[in-house]
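Student: Residue numbers (my numbering), protein chains in the order written: chain A, 2 to 218; chain U, 11 to 271.
Check before you lean on any hint, since a few could be wrong.
Said to hold, decoys possible - Label-pair restraints from in silico Cβ distances: (1) L211(A) <-> K81(U): 46 to 52 Å; (2) R68(A) <-> Q180(U): 49 to 55 Å; (3) R214(A) <-> V221(U): 35 to 41 Å; (4) V95(U) <-> R68(A): 17 to 23 Å; (5) D187(A) <-> P78(U): 25 to 31 Å; (6) N135(A) <-> Q180(U): 25 to 31 Å; (7) M240(U) <-> R214(A): 48 to 54 Å; (8) V146(U) <-> E75(A): 39 to 45 Å; (9) R209(A) <-> E176(U): 31 to 37 Å; (10) E207(A) <-> V221(U): 38 to 44 Å; (11) A85(U) <-> A115(A): 23 to 29 Å.
Stated by the list, open to error - Covered stretches of chain U, as calculated for chain A (at least 3 residues, CB under 8 Å): (12) 178-189; (13) 201-214.
Worth flagging that the hints you see were computed from the coordinates, not collected in a lab. All of these numbers come straight from a predicted model, not from anything done at the bench. Where a beta carbon is used, it is the ideal one built from N, C-alpha and C, also for glycine.
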Amino acid sequence: MASALELEGIHFAYPGRPSILAGASLTVAEGDRIALVGPNGSGKSTLLRIAVGLLRPNAGRVTGFGRPRASEAEFQDLRRDVGLVFQDPDDQLFCPTVIEDMAFGPLNLGQSRAEALATSEAVLEELDLMHLRNRVTHHLSGGEKRLVTLATVLAMRPKVLLLDEPTNALDPENAARLLSILRGLDIALVLVSHDAAFRAQLELREMRLLEGRLAAR
Amino acid sequence: MVFVLAEPAVAPPGFLAAGIARIDPRFRVAAVLAFALVVSQLDSFAALGLALAAGLALLLASGQPARPVLKRMAAMDGFILFMLVLLPFTTPGTPLFTLWGFGASREGMRDALDILLTANAVVLMVLLLPGTLEPVTLGHALGRLGVPAALVNLLLFTVRYITVLESEYQRMRQAMRARAFSARTNLHTLVSLGYLVGMMLVRAQERSERVLQAMKCRGFTGALPLIDTMRWRRADTAWALGFAALLAALVALEVAHGVGP
Chain A
2 MASALELEGI HFAYPGRPSI LAGASLTVAE GDRIALVGPN GSGKSTLLRI
52 AVGLLRPNAG RVTGFGRPRA SEAEFQDLRR DVGLVFQDPD DQLFCPTVIE
102 DMAFGPLNLG QSRAEALATS EAVLEELDLM HLRNRVTHHL SGGEKRLVTL
152 ATVLAMRPKV LLLDEPTNAL DPENAARLLS ILRGLDIALV LVSHDAAFRA
202 QLELREMRLL EGRLAAR
Chain U
11 MVFVLAEPAV APPGFLAAGI ARIDPRFRVA AVLAFALVVS QLDSFAALGL
61 ALAAGLALLL ASGQPARPVL KRMAAMDGFI LFMLVLLPFT TPGTPLFTLW
111 GFGASREGMR DALDILLTAN AVVLMVLLLP GTLEPVTLGH ALGRLGVPAA
161 LVNLLLFTVR YITVLESEYQ RMRQAMRARA FSARTNLHTL VSLGYLVGMM
211 LVRAQERSER VLQAMKCRGF TGALPLIDTM RWRRADTAWA LGFAALLAAL
261 VALEVAHGVG P
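The following block holds chain U by itself, in its conformation from the complex (with noise of 0.2 Å):
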């Protein structure tokens, strides 16, 4: 989550880049689960390779800055990348090569592109829909698709009181240096750097409930009410029936070209 709340983008310019700037984001976030459903059930390259060239499309009609959303998805490489290194050694199958008396597996080899080009399409789709939302609009989204209130309360709370909680821990670590404190590789720096963090989730779980105090003075039940103006335009179901050949294209794809279970 942290990659994709980082930035939202700003309106890019160009017609059809301020078009995709306008999607609806209960479409947006609708879109990239069907389209995760979808492309974690393809096996043929040629599918796959088409959802990944989707992203790709998208990425560069959408008239973002491709190299800080290519990062991050390169990024989550890093966080497969082991998995897909020792795939190909761990997988029975007919031989490939060997390395250092370690033999890979064709199979392997096969499983670990399904899983790279299954994951980046997927990413790419999610840093580009709702990656680009603002965070609380994205909380507003989710509540309007029927996702437990408490689930996006917990979103729209973390959106609103992360920036007090830094502000708060950059105080006592002020506070720290003041008396004399700087870090160093022993037990006081690792038993008040403990107690800093210890202290700060005794706060926020204080703060938390005088906050939700404050709520229920002024009639909260469990529920936040969500302001926005969202408004499903016609430009929209365009967008959804492009979706939708786009999801049927890709199965049909799968279906010629899949190499049954």
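Just chain A, with the same shape it has in the complex (with noise of 0.2 Å):
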């Protein structure tokens, strides 16, 4: 499998704090499905944002696709392909409408506004989401929300998908719904969760990140 996301030795600390990732290596190929452990507070959020460059490391580097990412251009370029999905919905969704949401992002990709809702509707289609299509966005429920900004993201059609803490505040229902997309997504799955019982149904690789390093457990 070739790689399709490739952190190495990440050096990481917020101005005026104590370094978070000191030395944190991360290999995702394609179509790997990778859960990443660790207590509150150790860095597995800033690492998913180090790795679509929204971050810049203070050390290490991040290679996409075979290709170095340093700059905000090749940075650019990757977040065409590894999709980020937040821990807080409201941070994502900011269009008036689900389908304006689920546009914006085919938009930046370059498509035309019938390609876009086109692409949108397919994964709304997907997802089983069509009945949300002209809803206002803040005011669906929390439940749908996440689902919503998950369809945002897949409306790009990511290689790698980046998912945190999906499942927070999540009813048993809507858990399953987002349980029942991801098993069904052939592609990359990178999960930051505190949530046992939801990654053992993945089947995931866990990894645990523990004073600012990665390592299998």
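The task is to assemble the complex, starting from two chains supplied on their own in separate frames and drawing on the hints.
Tutor: Right, dumping it as structure tokens:
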């Protein structure tokens, strides 16, 4: 399997705070399914943000699809293929309606308005979320918001999907829907989750982040 | 307000400077209000000159670095520059000189200079007295001076939540970038940024309602309890007398040299 995403020797500290990542390395092969586990504040979310260049490491290298990624332009290119689902859905949904939010990513990829709408509707259809198409985003329930944020990222047809605590505040029914959606995907997954039962059902390779480094369990 | 709230000053060294740093916040606000009322009524250049000189003297005595304060003052001048430049040409009166066929009047020049001195004297005093207060202290001082609670609350909540809004904005921008957004000169960019601003307004409104609900649960009825330790000291009385003398001198100069209506 070719490697899709490679992080090597990542060091990172937020300004004025002690170092949070100290030489973390992670290789995501195509189709790989990885769970990142570790205590609160151990740097899991930070690592995901570094992987797509939203944060820049103090040291270390990010390689995406065989090419080094360091500049904003290189990461902009990488983000077309690596999707990140944020921990708080409210950070992600910013358009008035679901369909507009869905089309935002495809439009950024250069699709025409009609193509973007078609892609968005196809993904809503696949995820069985078509009934939410014209809903106002900030009136969605917590579970609906979570599923829609996942849909908005999948609308970009990423090759790697990064998920930050996707089961947070999900009721069992929506958690089950999320699970079946993730099971049906044939792309690489990196999942940050404290929910052991949820992880167990996805057959993930578990990596533990401790004291700034990653190790297989 | 942005300029006033930007950087609260640190206590500067020196005896006089230390004294100035300890001036009662209520006095600072009241004094600057009285100063602005008096100076805006002055017409004589002697009185206006004294007003500006008093501000500069206070700046030197306060031991604050002069450059940033003067820079903020200059920023205000930028706002009124156009009006000042146009005034001589739009005010009728005795011709002074002509530029590209447009005549400048003596009266217009005089008015422009009057406005320039007035504005700078007042802004300098604002920057030096209330401008050096922590924003929260300024809110408390306004509350103690009887400013309506709603206005004081607006100021205090702005101070409290402006960073929350800033980080919410940053997180949404990150999420947009994560979906391959980069700002370009096209409709998609304008629409997306418009949505971003709109969503921030909607969220701010909803957050304010949640905060209000949580506050109500803890007994909020419209007034924030202001907990502070403002105490009027003897030095404040001295400052008040000195400031009153300055205002009296300004009025006396105006009467002596003033160009009556």
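Student: Take the hints in turn and mark each one as holding or not.
Tutor: Structure-based check of all given hints:
no. : hint                            : in the structure
1   : L211(A) <-> K81(U): 46 to 52 Å  : 49 Å, holds
2   : R68(A) <-> Q180(U): 49 to 55 Å  : 28 Å, violated
3   : R214(A) <-> V221(U): 35 to 41 Å : 40 Å, holds
4   : V95(U) <-> R68(A): 17 to 23 Å   : 55 Å, violated
5   : D187(A) <-> P78(U): 25 to 31 Å  : 59 Å, violated
6   : N135(A) <-> Q180(U): 25 to 31 Å : 29 Å, holds
7   : M240(U) <-> R214(A): 48 to 54 Å : 52 Å, holds
8   : V146(U) <-> E75(A): 39 to 45 Å  : 44 Å, holds
9   : R209(A) <-> E176(U): 31 to 37 Å : 34 Å, holds
10  : E207(A) <-> V221(U): 38 to 44 Å : 39 Å, holds
11  : A85(U) <-> A115(A): 23 to 29 Å  : 48 Å, violated
12  : 178-189                         : holds (count 9)
13  : 201-214                         : holds (count 7)
The structure fails hints 2, 4, 5 and 11 (numbered hints given earlier, in ascending order).
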